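**Student:** Read top to bottom, the protein sequences are chains A and B.
The opening residue of the first sequence carries number 18 in this note's numbering; numbering runs sequentially from there.
The opening residue of the second sequence carries number 5 in this note's numbering; numbering runs sequentially from there.
Calculated from the structure, these hints are not laboratory results.
Since this is a predicted model, take the numbers as computed values, not measurements.
Glycine is no exception: its CB is placed at the ideal position from the N, C-alpha and C atoms.
Be aware that one or more of the hints could be misleading.
As the list claims (entries may be wrong) - Chain B stretches covered by chain A per the calculated footprint, using a threshold of three residues with CB under 8 Å from any CB of chain A: (1) 49 to 58; (2) 107 to 114.
What the hints assert, rightly or not - To give an idea of the interface, some chain A residues facing chain B are shown, with a C-beta separation under 7 Å as derived from the structure: (3) C30; (4) P57; (5) S60; (6) L61; (7) R117; (8) D125.
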Amino acid sequence: GAVVSQHPSRVICKSGTSVKIECRSLDFQATTMFWYRQFPKQSLMLMATSNEGSKATYEQGVEKDKFLINHASLTLSTLTVTSAHPEDSSFYICSARDSRNQPQHFGDGTRLSIL
Amino acid sequence: AQKITQTQPGMFVQEKEAVTLDCTYDTSDPSYGLFWYKQPSSGEMIFLIYQGSYDQQNATEGRYSLNFQKARKSANLVISASQLGDSAMYFCAMREAFRNDYKLSFGAGTTVTVRA
């Protein structure tokens, strides 16, 4: 089955640091990748949609300059949390699909803790 | 308006018993799909079952079955013969073809705890 690898699985860093999270599709070409944020015991909130080779589309209320998304190839998308602060601490999870009507395949998520 | 509603924040179920998780949805898109995912405490999203809006029969996958009632806009998940490993958070999600460009909308989730 389709596999999506997300790295790192956990990161703890100091306030003010920028953190990069990678999302890779291992055995298919991901024309579209999605980034979600999840608070404890809550649902997944879509942050942005990225299509290979074009700018990401952000959901309302998500700061583009805070959460930089790059989808430079058909197998890799990155989310960079810039100048992270404690309120950015959360679980971030990516998903990928190869075409519009195909299922999304999820990575295992990244637990980000900002001290 | 909420597209996906899961009204049960948490449920307890006895091992080996069946449990039904409720999900209602709201869409005017004629073409949509309904998904159930399991999220254990480790965080990964595990796909369980899918039902397409045009599917005539209810979807089944092993111990999971989806009770699809289109007129009522409900897509309840039934887990039969519960196991301790079924303890997790369960999300219902919908994908709309035309109104939301095939993106997923998730419900609030239901936490299931299986007791021995």
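**Student:** All hints, please: hold or fail.
**Tutor:** Hint check results:
no.	hint	in the structure
1	49 to 58	holds (count 3)
2	107 to 114	holds (count 6)
3	C30	19 Å, violated
4	P57	10 Å, violated
5	S60	5 Å, holds
6	L61	5 Å, holds
7	R117	5 Å, holds
8	D125	4 Å, holds
Of the numbered hints listed earlier, those contradicted by the structure are 3 and 4.
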